[in-house]
Amino acid sequence: MYEHLETAANPAGLKRVAVDPVSRVEGHGKVTLLLDDQNQVQQARLHIVEFRGFEKFIQGRPYWELPVLVQRLCGICPVSHHLAAAKAIDQLVGIDPADLPAAADKLRRLLHFGQVLQSHALHFFYLSSPDLLFGFDSEIGQRSVVAVLADHPEIGLQGVKLRKYGQEVIRMVSGKRVHGTGAIPGGMNKALSREERDYLLQDIGQIVDWAKAAVALVKHLHNANRPFNDQFATIRSNYLGLVNADGALELYHGGIRAKNADGTTLFDHYDYCDYQDLIREEVRSWTYMKFPYLTALGKADGWYRVGPLARVNNCDFIDTPLAEVARVEFKQQLADPALVHSTLAFHWARMIELLHCAERIEQLLADPNLLSSDLVAQGSKRYQGIGVIEAPRGTLFHHYQIDDNDIVTKANLIVSTTSNNTGMNESVRQVAAEYLSGRELTEPLLNQLEVAIRAYDPCLSCATHAVGKMPLQVELVDAAGRVVDRLIRHSNGEFARGDAV
Amino acid sequence: MSPKIKIATTSLAGCFGCHMSFLDIDERITALAEVVEFDRSPLTDIEHCGPCDIGLIEGGVCNSENVHVLREFRKNCKVLVAVGACAINGGLPALRNFVSVEACLLEAYRDGIGVDNPQIPSDPELPLLLDKVHPIHEIVKVDYFMPGCPPSADVFWTFLSALIEGREPSLPYELVHYD
Ligand code: SF4
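Line by line, the protein sequences give chains G and W.
Residues in the first sequence are numbered from 1 upward in steps of one, following my numbering.
Residues in the second sequence are numbered from 1001 upward in steps of one, following my numbering.
Honestly, the hints are just simulated from the structure, not real lab data.
Note that the structure is a prediction, hence the values are computed from the model and not measured.
Treat the hints with care, since some could be wrong.
Stated by the list, open to error - Some but not every residue of chain W turned toward chain G, in silico, with C-beta under 10 Å:
1) Ala1033
2) Tyr1109
3) Glu1138
4) Trp1157
For glycine and all other residues, C-beta sits at the position ideal for the given N, C-alpha and C.
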């Protein structure tokens, strides 16, 4: 693959190119390249430049604050953090997933399907659709959801309303669209009323139809430019995620399954409470994001990808009819040979999951038990809780230890984007090596680095990438630190080549 | 037609929830886009904040890059708004002010569960962390504070409508909350 481009053998004397969109925008991440005299890429790195220190500063807090504290990690998928923490604190009060009252389990799933639906709609329609509808090298002014709404009003509005529906599901269950409170230790804090259920029922038929249309759209867009879309930023990797006991796609609760790039199952239905035996995280000096890997395979071969592509690759089937049809077609068209490795296929897999969420919401709303007020179970105290969930961007691990006074003494969080760290870096290196190396800097090329990262829907630096397109300034600096070339994308969409200094 | 009002937005040390809540205006985004043009924002490709009418800042200040971006916004925006708890008082990320940055770094990169190759990332590519997370008014002058974690979509809508129409914004009691 492209590991040889992680660190240049002899960095002295190489030109540094910084694609520094994210840190200039939000302070979260950037890409740097080192080039030799022939503009051959010798090193390419995606750096995550943000650090917040959650694992330390939540120590000393009482455990029941966790679901509302840690959801502030991310305003895009707060519900996933809320629920992963909730699953962990269930264990602290002695409740395992099977002991949770049925209605509480259903309400949490409803909340989570609403979350994944809105996040997937946000990512595809608000963020990535401009690239896919207008082309990677389209005019800058076109690359925003506002332009999609202007030029493709029907598609744009469906995207806005899909996201809105997911947010409304979240509001009905947890009281607020962003950072509500739903889960408590051992259950849920409020029953869903008949009026709230009926309010959500009104539109669900339409939502399922639009989700179906979204799958058709992404399929059309992917197929319109093959084989390019199959190859772009594509890497062969291991895949990891939760699956249901029967092998079905699972977003809320299951065992861990991993497959290697050939499609061979590495392990299956692994109890996530033993994740410490499975995964270790390596620190590297040049980024705040760690590099997780499967201990059994070692650092070099044990890295894996998570998220929609991993989940759709890993599952045996999807237990809702429309999404299953879409999955079968996806595999038939793209599998190479057993699994789909195309990085841009993340988008297609994401829309299949969006459809699955819509279908599952429809099923849950039809379930009379959903309105039950039997919502909390009690058990006896334990000192350690581990909660794992499939967040929109992939498997999310929360692990807490508490003392006699119920105070948190240790915390470990492996967020989804971290698991994709090596994958994103590999994709960046692939694009740098295959599409950039040896050429002159151009804007479309820079946007291609962003397109590769954006396919993963990354979530810490994410937030930045996640909500959109990044302003760009690329500088070519020679070994003495002088800027020899500068490319700037202006607000009017024009590109200018700055004078060499 | 009068020129469009220019709005820039950014997220410093925040969670993006305030931006999400802004997007929760849903379909009203089309109506907004008729009178407003987005300058630098995660929603556009604009790289540096140009002269703007309104700047919305989410998040507090936790590293040198945040300071830089915040000053750029202040310089360019006629009206600067602290959006949400993090911008107003540091919010949840400011919980780290009770411990040292060093302790946070050691926990994540040396003493954490399952950590390999322990070391504190130190590359020159990484911006300098500040020892505390600061509210934005400690660094620049702020014109308005929009409370909430996050402020609701209706707060954004009410507030921006007033500013766009040239009225002094005021929030009805039901919309104000400090969560
Ligand atoms: S105020 Fe709340 S919603 Fe806004 S950035 Fe801070 S934590 Fe997120």
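Status of each hint after checking the structure:
A cut of 10 Å between beta carbons decides the hint on W:Ala1033: the least distance to chain G is about 5 Å, and the hint holds. Satisfaction of the interface hint for W:Tyr1109 is found here, the shortest Cβ-Cβ separation to chain G being roughly 5 Å, below the 10 Å cut-off. Proximity of W:Glu1138 to chain G is violated relative to the hint, the smallest CB-CB distance being about 17 Å (cut-off 10 Å). Violation of the interface hint for W:Trp1157 is found here, the shortest Cβ-Cβ separation to chain G being roughly 14 Å, above the 10 Å cut-off.
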